[in-house]
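> In order, the protein sequence lines correspond to chains A and B.
Going by our numbering, the first sequence opens with residue 1, and the numbers climb by one from there.
Going by our numbering, the second sequence opens with residue 1, and the numbers climb by one from there.
Everything labelled a hint here was simulated from the structure, so no lab data went into it.
Glycine included, each C-beta is placed from N, C-alpha and C at the ideal position.
There's no promise every hint is true.
Unchecked claim - Stretch by stretch, here's where chain B covers chain A in the computed footprint (C-beta under 8 angstroms, at least three residues):
| hint | stretch |
| --- | --- |
| 1 | 44 to 55 |
| 2 | 103 to 110 |
| 3 | 225 to 236 |
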Amino acid sequence: MSLLEVDDVVVQFGGVTAVDHAGFAAEAGRITGLIGPNGAGKTTCFNVISGLQKPSHGTVRFDGRNVTRLPVNRRSRRGMGRTFQRLEAFGSLTVRDNVRVARDIHRGLRGLVRPAGADVDGLLERVGIASYADERADSIPTGTARLLELARCLACDPALLLLDEPSSGLDESETGAFGQLLAELAGEGRGILMVEHDMDLVMSVCDDIHVLDFGAVIASGPPALIRSDATVQQAYLGYSDGDDGDDAGDDGDDDVTRTDLPAVETTMTIPAVPAVHS
Amino acid sequence: MSTILSFTILGLFTGAAYAIAASGLVLTYTTTRVFNIAHGAFGMVLAFTFWDFSQRQGMPTWLALVLVLGVVAPGTGWLIQRFVTRGLGEGPVSVSLVVTVGLFVGLVGLAQYIWPPAPRTLPPFLPDQGLEIGGTYVTAHQVITIVLSAVVALMLYLLLNRTRVGTAMRASVDNPVLLQLFGGKPDRVASLSWAIGISLAALAGILLTPVIGLSYFDLTLLVINAYAAAMLGGLKSLPLTFVGAMGLGVLQSFAVAYLPSEGNLAGLRAVVPALFLFVVIVAMPQAQLRIGQVKGIVSAPLPSFRQSIGWGLALVVLVALLGVTMSDANLLLVGTAATYAMVMLSLVLLTGYGGHVSLAQFTFAGVGALAYAKLDEPNLYGLFLAAAVSAVVGALVALPVLRLTGLYLALSTLAFGVLMDKMVFQADFAFGYNGTLHAERLSVLGRSFDSTGGYVLVMTVFFVLMALVLLLLRRGVLGRVLIAMRDSPAACGTLGLDMRWFRVALFALSAGMAGLAGGLFAGLRGTIGAADFQLFNSLPLLLLAVVCGVTSVTGAALGGVGLMLLPVLQSSRPELAGLVFVVLGFGAVALGRDPNGLANQLFALGRALERRFGDRVRAVVPVLPLPGHRADAGEDNAVPLRRLAGDDLEVVLEEQEVGAHVAARG
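Okay, chain A solo, but in the shape it has when bound (with noise of 0.2 angstroms):
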C-alpha cells in the first residue's frame, strides 16, 4: 500500500478537462517527479491531493484512508504538507514568523498557550534561509521564498511534501544542495511528491517518476525508463527521437502534436534526451 494514491481523477473547468483519469501514487520514503509540459495538469492535481480542488470524478487514498472528501486542514492534519507554484508565503510576516505561525496552528491550542520558539530558527537553518530571518517575506528572491514554504511546512511535521516546482528561482549550487536535502528528508521516511520542470534535478534524485500530458498520465517508471520513453519525448519535444523511432505508433497520443497549441512561454529546460548520465 503506497502513502498516497491517486486514483482515476477527472477535474474539469467548464470545457477543458485539466484531468482526465489520471493515476499514481507516490510511496513513504521515496522522492516521486510528477513532471509534463505547462498546462498538463500538475498543479491541479497537487490541489486535488492537498484539497484544493474538488475532483469532479475519481478518489483520493493517503495514508490508507480515503481522503477525497476531507477538507484542506483535516488532511494538513494527517501528515499531508504542500508548498505553491505561485508563492502563498505570508507576505506580510517576517520570514521566521513565517513558520512560526505554521508550528503555532501545527500545535493548535497549545501553540496559543506557548508560542513556538528556538526549534524554528532550526528549521530555517535546515533549508538554509536563516539568514533572511528577519526580512518580510514578501521582499526575499523568489527562490528564498520557496525554501521558506519548504521550512513552514516542515514545521508541520509532514508523513508526506507535496512540492511544486520548489528549484526555480534557485542558482545551480543552491540547486544541488536542494537535492542534498530532498534526499534527506525522504530519508527520515517522509514521501516526497514534486512537480518539477529542471530535468537534471528530477533526473537525478527522484526514485520514480510520472509524466502527465494533457491531464493523463502517460508514462511511468523509474528515470532511465522515463528518459527513453517514446511517449515522454513526443508530448515534450512534439517529435519522437529517432533512435526509438520503431516504439512510436503504439500509443494513440501520438497523432497529437503540441503545434495545435498557441504559443506558451515554456520554461522547460530538457537535456538532451540521449542522456549522458546514468
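With chain A fixed as given, assemble chain B onto it according to the hints.
Then chain B, alone, in the frame of chain A:
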C-alpha cells in the same frame, strides 16, 4: 383566485426585472471575480439618466432607451472595468468589496448632486395599454418586462453558447489563468461582460422605476434582491439565477398580499429578499479556497507597548483639557468621533488584521446601544453585557457563512443590516417606529459621569484601552495567525488551520467591540433611535476607515474624527451634501487598494520628520513627551478637532520612531 393570479403576475414582473439585474451581476462576477456591490447603484444612476433624457430633455422614449442602454451604460461598464476594477479580482476580496462600496457611495452621492431631491415620475412603457388574462388586467409595461427578461435570457444563452467570446467567458468562469494559457483574452472578456452587465443593471432600473419610483436608495438596494437571486445559482449558473429571481419576485408579491400589514410581522414583507438570501446561503455547498492571489500588504508599523501607553495617555490628557474648555455641543461631537473611532477599531481587527469586510458594522453598534438601553444597567456590568449581546449576534451572522468565503460573509452582513433596519430596530420591542429609547450615562465603579466632558473622557479611555488590547493581540500568536489568514487562506488551510471557527470568533469579537461603542454612544446621547444606526451609515464608516487606514489604530482615530466631520460639513454647506459622498466614494476607489490609507502617508511624513529633526527633538525632550501643552482651547468646531488630528500625527511620529529603532536593531 384572481387575486392569486394578479399577485403572481405582479411577482413575475418584479422577478423578471430582478432576473435582468441579477444576470448582469452574475456575468460580471463570474468573468472578473469582482462582486459589484454598486450594481444596483449603477441601475439607479442610469435610470435617472434615462429620466433626464426622456423627461427633462424630452427625447423620444426609444432614442433615450437606445442612448442609455446602447451607449451610456456599456461605455460606463467599459470605463469601470478598464480603470477601476481591472485586476481587482486577483486581489483579496476585501479590496474589491471596498472599491465597489466606494462606487456605491460615490454613485449615490453623484445622483444626489446632479439630480437634487425633487418629485420625479417616469411613466411606464406604453401607458394605458394592457390586456386581460383570466379576469386580471396586465399592463403593457409588465408584459414588456417579462418578455424582455426572456429575450435577455435567450441572448445570453446564445452569446455564451454560440459565440467564441462566449466560450471564452464560460472558460474564464472556472479558470481565467487556464483561459489565458489557451490563448484567450481575459481582458477583452472582462470589458465586454462589464459593458453588458451595466447595461442589464440599467435596463432593470429603467423597468422598475415606474413601479418603485425614482429613489436613490430603493433602486440601489435592488442589488440585494439581485444577488439573493444570483446566489441560488451559486453566482455562476444563469438559468438558476433566473429561477431564483422569478421565485423571489413571486414570493415577495405573495408576502405583500398575504402577510399582515400590522404588528411585529409587518416588517417581514420588506425583508423577504434578505431572508431568502440567508436561506440560500445556509444551503450552499462548502466553498473552495483560492490560491494564487496577490498579497503581502505593507502593514502599518507596530508601536511598542510602552509607546502606545504613552500616546494613549497623551490623548486622554488632551480630551480632558478639551472637556473643561469646550461647549457641550462640541463635546458631543468629540464623543461622537470617539464612538466612530471605536467602531473603526473593530474594523481594524476585522478588516485590517483579518481581511474580512463587514458592510453593517454600525448595525452592531446599534445592537449594543439597544441592549444597553434595554438592560438599563448604566454600569460596567451593563456595558459589557451589551457588548456580549452584540458579539453573540455577530457570531450568529457569521455562522451561516461558516463554510463560505469572505465575499459571502460581507454579503450576509449587508442582508443582516437590511433585516435589522426594517424589521428589528423599528419594532415595538426595540426602538419603535420613529421612536427613541432613553439611556442613562455610564457609571464606573459607583462613580457617575454626568458632565458631558467627563463622559467623553471616559469614552476616550475606553478607546485607548481597546486600542491597547488590540495592539497586544496583534503582537501575539493570534495576531500572527490573523495576518497569515489574511495573506493566504489557502496556505493556512494546508498548514492545518480550521479557519471556520476562527472566523466566527473574530467576527464576534469585532461585533462586540462595535457593540461596546454603541452602548457608550447611547449613554452619551441619552436618547437614541433607529435612525442613529441605519445601514447606510455603515458604508461611509467602512470607506473612511479604509481611506484613513484600516490597518492601524491611528487610522481608526483619524477616521473617527473624519466621519464625525462629514455631517458637520454637510450642514454648513448643504449644496455640497452629495458631493461629499462623491469625494469619499471615489476617494475610496482610488485608495482602496492600499488599506493602510492616509495613516500610512502620515507614517511616511513621520519618517521624514524623524530623519530631519529627530535628534534635535530628542536632545531637548525627555522620554515620553506629553503633548498636552499644545491643547489650548479652540473657538469653533474645526480648530480643536484639527488639534485632535494633530495629536494623532504625533502618535504616528512616535510609532515611526519605534519602527526605526526596531529596524536598526534588526
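> Each hint should be assessed against the structure and marked as holding or not.
Evaluated hints:
1. 44 to 55: Contact hint for the stretch 44 to 55 of chain A vs chain B: holds, 6 residues under 8 angstroms.
2. 103 to 110: Coverage by chain B holds for the stretch 103 to 110 of chain A (3 residues, Cβ < 8 angstroms).
3. 225 to 236: Since 0 is below three, the answer is violated.
In the structure shown, a violation is registered for the earlier hint numbered 3 alone.
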